[in-house]
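Undergrad: With the sequences and hints as input, model every part of the structure.
Chain residues, written in single-letter form:
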Amino acid sequence: MSVMTCADARSQFWLLEYGELSFDEEERVETHLDACADCRAAFEREKEVYAAFNTAAAEPPPSLLRQCRAELASRLESEEHSPAPDARRVFSGWWEQFTHALTGGFILRPAGALAMLVLGFAGARFMPNFLNSPAAGVTEAGMNRVRDVKAAANGQIQILVDETRQRTLAGGLDDSRIRGLLLEAAKDPSDAGLRQQSLSLLNAHAQSADIRDALIYALQHDQNAGVRLNAMTGLKAFAAEPEVRGALSQTLLSDPNPGIRMQAIDLLTQDSATNMDRQMVGTLQELMLREDNEYLRQRSQKILEAINASTEIY
Amino acid sequence: MARETGLDVQIDETALIRAAQQGDHDAFERLVRAYDQSVLRLAMNLLRSPEDARDVYQEAFLRVHRNLHSFRFDCSFHTWLYRIVTNLCLDQIRKRKVRKEEATVVATGEGPLDRLDAVAEQRADTDPERRLFSGQLRRRIKEVLNNLTPRERMVFELRHYQGLRLKQIGEILGTSEEAAKNCLFRATQKMRAALGDFV
Chain B
1 MSVMTCADAR SQFWLLEYGE LSFDEEERVE THLDACADCR AAFEREKEVY
51 AAFNTAAAEP PPSLLRQCRA ELASRLESEE HSPAPDARRV FSGWWEQFTH
101 ALTGGFILRP AGALAMLVLG FAGARFMPNF LNSPAAGVTE AGMNRVRDVK
151 AAANGQIQIL VDETRQRTLA GGLDDSRIRG LLLEAAKDPS DAGLRQQSLS
201 LLNAHAQSAD IRDALIYALQ HDQNAGVRLN AMTGLKAFAA EPEVRGALSQ
251 TLLSDPNPGI RMQAIDLLTQ DSATNMDRQM VGTLQELMLR EDNEYLRQRS
301 QKILEAINAS TEIY
Chain Z
1 MARETGLDVQ IDETALIRAA QQGDHDAFER LVRAYDQSVL RLAMNLLRSP
51 EDARDVYQEA FLRVHRNLHS FRFDCSFHTW LYRIVTNLCL DQIRKRKVRK
101 EEATVVATGE GPLDRLDAVA EQRADTDPER RLFSGQLRRR IKEVLNNLTP
151 RERMVFELRH YQGLRLKQIG EILGTSEEAA KNCLFRATQK MRAALGDFV
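Going down the list, the protein sequences come from chains B and Z. In case it helps, the numbering used here puts the first sequence at residues 1 to 314. In case it helps, the numbering used here puts the second sequence at residues 1 to 199.
Simulated from the structure, these hints should not be mistaken for laboratory data. Where is the CB? At the ideal position from N, CA and C, for every residue including glycine. Some hints could be false.
Taking beta-carbon pairs under 8 Å as the criterion, some of the chain B residues facing chain Z (in silico) [unchecked claim]:
1. Arg69
2. Glu241
3. Glu243
List of simulated lysine to aspartate or glutamate pairs, EDC-like, C-alpha gap at most 16 Å [unchecked claim]:
4. Lys167/Z to Glu177/Z
5. Lys142/Z to Asp24/B
6. Lys181/Z to Glu20/B
7. Lys167/Z to Glu20/B
8. Lys47/B to Glu17/B
9. Lys190/Z to Glu46/B
Computed far set for chain Z versus chain B, every beta-carbon distance over 10 Å [said to hold, decoys possible]:
10. Ser70
11. Asn87
12. Leu148
13. Tyr161
14. Ser176
TA: Next up, the structure:
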């Protein structure tokens, strides 16, 4: 084994410090250190430098970890209650392609004012396909349902058929037909994707009272967390309005999804200086009593403390 | 009681991953709990911002959740997870470099916080002179860390603060052990040069 020079040894100090030398290399440096007082002193100084690096080590506070875990849990829950990502992609792609095909892609652009609506009545039961064939005497395309069957006097059979026909309507939100159907679709209990898409189109027009009402209704009643979250997005700019604040307060106290409750408290306190009325204080105090989520409790507590309000209800 | 060996832990983890891949929520949560402290610490060290660290934490585990089905055990779960985290952190550091946003004081749930002062608070010295010195030293280290390239910063953090071996750092960053070693050498040289008059 060749003798190591001081320069060689010192060039290896950083690897020795990090334990990245091989057994043989480490042995050579340590043998040199045993024999060289100057290098031992130099290595001690080197170790001080590395110890100094440690003074900048960041250890996240436990509260941050708890907060991260709570947020992750709620986001995972929200994702699971939303349509599957693939389904969302398919739906979105289909919608985009469809509207693009119908409008050439440019009609939708001006001020986002134009909405396209295609409503299928999914609840209707389909008749067997042969009923749509000309031979059966029902030539109109559409979805059909047999209401009644009876034998006629001439030996023929009479079938009473309900027909649900599909139509495409196009227009802006200022068109009462479009607006009405969109508001109706936003409540369709059978299709969360349709409700979600409808609310997305309505969200940009929440300055209208009827649309705001629909968003509030969705926030308070929709079974799907993603739809409720979407409704809250539309209400964000109106969080100072009394009826919206009322709905958000109710959501904060009673929504089963902690992610949505977190969003609600954010909206309710986004202008905390101006909107911390007595009712809001009461809501936050009540939240302190009933909330299980630690992050939300802490948020509420900090807001109340910041305005010198009690964190308890007496 | 028999001691749990590394192999036991590995088998346990493999079983957890497979269960999580099948949609077992508890298994996924246990996986998260096994790694989330170190993920948050890494993000906090790299980004020096509780908000950014929180965002990286969320995004990293959401990506793991969405993509776990495609994890094929080609590497360890730890390496896979850290690859996601380090990529997110690198993106964030690069964005910051572009935006030149390196504010020292940030708002947190606990109020305004100096990124470096806060993390060293627990070790604060009672001797005023020593405390002053420690504060200056931390600020200098922060300046030097900010001046490292994103890659140097990453390798330095993974080696120095996370204690990972160069081989594993190479795997995480998709490079060789030798390249990681060179990167660490440059980083430590810069750090040492900048701290020369302090220590």
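Undergrad: Are the hints correct? Go through all of them and say.
TA: Here is what the structure says about each hint:
{"no.": "1", "hint": "Arg69", "verdict": "holds (7 Å)"}
{"no.": "2", "hint": "Glu241", "verdict": "violated (27 Å)"}
{"no.": "3", "hint": "Glu243", "verdict": "violated (30 Å)"}
{"no.": "4", "hint": "Lys167/Z to Glu177/Z", "verdict": "holds (5 Å)"}
{"no.": "5", "hint": "Lys142/Z to Asp24/B", "verdict": "violated (36 Å)"}
{"no.": "6", "hint": "Lys181/Z to Glu20/B", "verdict": "holds (9 Å)"}
{"no.": "7", "hint": "Lys167/Z to Glu20/B", "verdict": "holds (10 Å)"}
{"no.": "8", "hint": "Lys47/B to Glu17/B", "verdict": "holds (7 Å)"}
{"no.": "9", "hint": "Lys190/Z to Glu46/B", "verdict": "holds (14 Å)"}
{"no.": "10", "hint": "Ser70", "verdict": "holds (13 Å)"}
{"no.": "11", "hint": "Asn87", "verdict": "holds (18 Å)"}
{"no.": "12", "hint": "Leu148", "verdict": "holds (12 Å)"}
{"no.": "13", "hint": "Tyr161", "verdict": "violated (5 Å)"}
{"no.": "14", "hint": "Ser176", "verdict": "holds (14 Å)"}
Violated hints, in rising order: 2, 3, 5, 13; the structure is consistent with all others.
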